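For the protein sequence lines, the chains are A and B, in the order given.
First residue of the first sequence? That's 1 in my numbering, and the numbers climb one at a time after it.
First residue of the second sequence? That's 1001 in my numbering, and the numbers climb one at a time after it.
Treat the hints loosely; a few may be bogus.
Claimed, not checked - Which stretches of chain A does chain B cover? Using the computed rule of at least three CB atoms under 8 Å from a CB of chain B, they are:
hint : segment
1    : 42-51
2    : 314-324
To be verified - Here are some of the chain A residues that sit facing chain B, going by a computed Cβ distance under 10 Å:
hint : residue
3    : 154
4    : 161
5    : 167
6    : 201
7    : 202
8    : 203
9    : 204
10   : 206
11   : 226
12   : 336
13   : 338
14   : 339
Stated by the list, open to error - So the derived label-pair ranges between C-beta atoms look like this:
hint : chain 1 : residue 1 : chain 2 : residue 2 : range
15   : B       : 1124      : A       : 47        : 44 to 54 Å
16   : A       : 185       : B       : 1276      : 17 to 27 Å
17   : B       : 1170      : A       : 33        : 56 to 66 Å
Calculated from the structure, these hints are not laboratory results.
Predicted model only: the values in this text are computed from it and were never measured.
Every residue, glycine too, gets a C-beta built ideally from N, C-alpha and C.
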Amino acid sequence: MLTAAGTPADQLAIAPSATRSSGAVALVVRSAALAVAALLVLVLLLLATGHDAGAALAALGRGAFGSWYAVTSATLVRAVPLALAGLAVALAFRAGILNVGAEGQLLMGAATGAALAALMGTAPAPVVLVAILVVGAAAGGAWAAIAAYLRQRFGVLEVISTIMLNFLAQYLVGWLVRGPLQEPTRINPQSASLPDALHLPVLIGGTRLHVGVLLAVALALGVWWWLKETAGGFRLRAVGLNAAAAASAGRVRVGRTVMAAFIASGALAGLAGAVEYTGVTYALYDNFSPGYGFTAIAVALLARLHPLGVLATAVLFGALQAGANAMQRDAGVPNVVVSVVEATLILLVLAAERWQSRAAARAESAT
Amino acid sequence: MTSGLESVSGFLEASVRTATPLALAALGECVSERAGVINIGLEGSIICGALGATVAAGVAGAGAGFVAGAVAGVVIAMIFALFTVWMRADQIITGTAITLLSLGLTGTLYRTVYGAGGVALSIPTVGVVAVPGLSELPMVGRALFAQPLVTYALYLIVPFCAWWLMRTQAGLALRAVGEQPTAAIAAGIRPRRVQLAAVLFAGAMAGLAGATLVLAQAGTFVEGMSAGRGFIAIAIVVLGRWKPLGVIAAALLFGGANSLQTLFQAMGWQNIPYQLFLAVPYLLTLLVLAGASGRVAAPAALGRREFGDAG
């Protein structure tokens, strides 16, 4: 395990689907079955805790999809950081890199954005806005590069190093918002709020949906195309599936590929932070991210590490979180109940994978 | 001058107090990792242990609270083991799910049972038991000998763990599973049983850590009160280089860093950014990891799903 070659993606629970013949129908059936099962768990939990399950589910639906405003300003706004961070996780996992540091990379993207906003006060707004996004992505990539370097140079497990880097990013933000980046009155532990000119433009008038959603869609398409059609994407997938084979048979430079994939993954997460900062929060503070980087792991897994699937699962998780808040408000159900649903989904995917691989093994031995 | 001494003594006392739950959880994780299983779901066992301890202590007293905490931790660890040890699913992904599951479950149950506002519960807690004489020692007396009983339990568990892991057949078998599973199988060891036992032990220790948070420190349950301690425990295991005695030293370091804030306040150093001090142990862990390459490192089969030879 402590080798530069790393974890083959087929060792991961969710190997990218090798059997294309099963096709889209099977995927839809599978996803629907998972969704129904997760919903069942939610209903059971609601009943067990003595809530009115009907009213709670109605509130959940209303909060997520009940109105134009709910769809755009609650569900889709939450889906944007989840999609970007989900892409980050999916890209890394496809390369056999267990990047559990999306949370820290996201925070570094947001923190660098806030620092840049403070430093570039007088520059033209569009320039600053673009710079925040670019430098935010670069910061996320740089944060990931530390773990990538430690893995390449010293064989440090990236799971462990990225957990450390998450803590470091969190404390760095804690210090920044009480120190160099604290708002001018020096009362609250948060950065000065971003001037209107530096906000990401709103996409649809009367809603909170910002252009970050376009960025997420474009990047998902880009990553999908890149993985599928380019030599670099092929090398990344080859390394993820079997690093040793890629090196010996394909003459792939595994170290370089892993390094690049890890940094690209971090950059996507960093961008998620910068987009959230300029599109939603307009300030940096202690609990800037409600665990987007961790939920992103679930988002990526449920999408079976497929970039376009990530868009769909990000909307699903965005809807769950938006709906959960409505459920708490209108039906008195604690909103943390969605964490149970999210966890159930991950565990169901793991169990389904196990079941599928056993069925495949049986089919193979039968022939 | 005396106030300075008192501050330092108070700081040491707070460090040991803060380190106790960290050490409990990390010791369990250490054993689990030596058997080749990295459990990111430790956080889940801690928070479920905390809620279990709260409920049971309210009904049957603090002693029952500790037992219930350990049991709750084991139950969560069983789910983790079902997926990782039995199904051989990925440990990191399962652990992430277990943490999410536990935080959601405890939050839901707590708010349902005790109300949305989270009424401050009054439950029996355990106090400090000062050892006569020894606790009078200057500086370290209160830190080492005026602590709750659970801290003293560590004084016994740590050397026992170190001895068991390094000096017994069973400990050797456990380490073999974590380093060379194929060799272990050839020697007649059943890796799954060993890993199951190790994971459940880690769950019990994490549950105890959660119970300690409630019964010996906070005196009540707070949603999300595990506050990343499961992940800190993993850092502690690394910094302690996968050895029980090292783990204790590392836990004290992390506990100390977390207690610096109070020391700074007592000394009137308000302007020192304590977040940077909180970050120091993590930075140190990264440096140790980098320095540890080639010498002492993680168990060779850590995190692997198959028991075959390393690639």
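Which of the listed hints are not met by the structure? 2, 6, 7, 8, 9, 10, 11, 15 and 17
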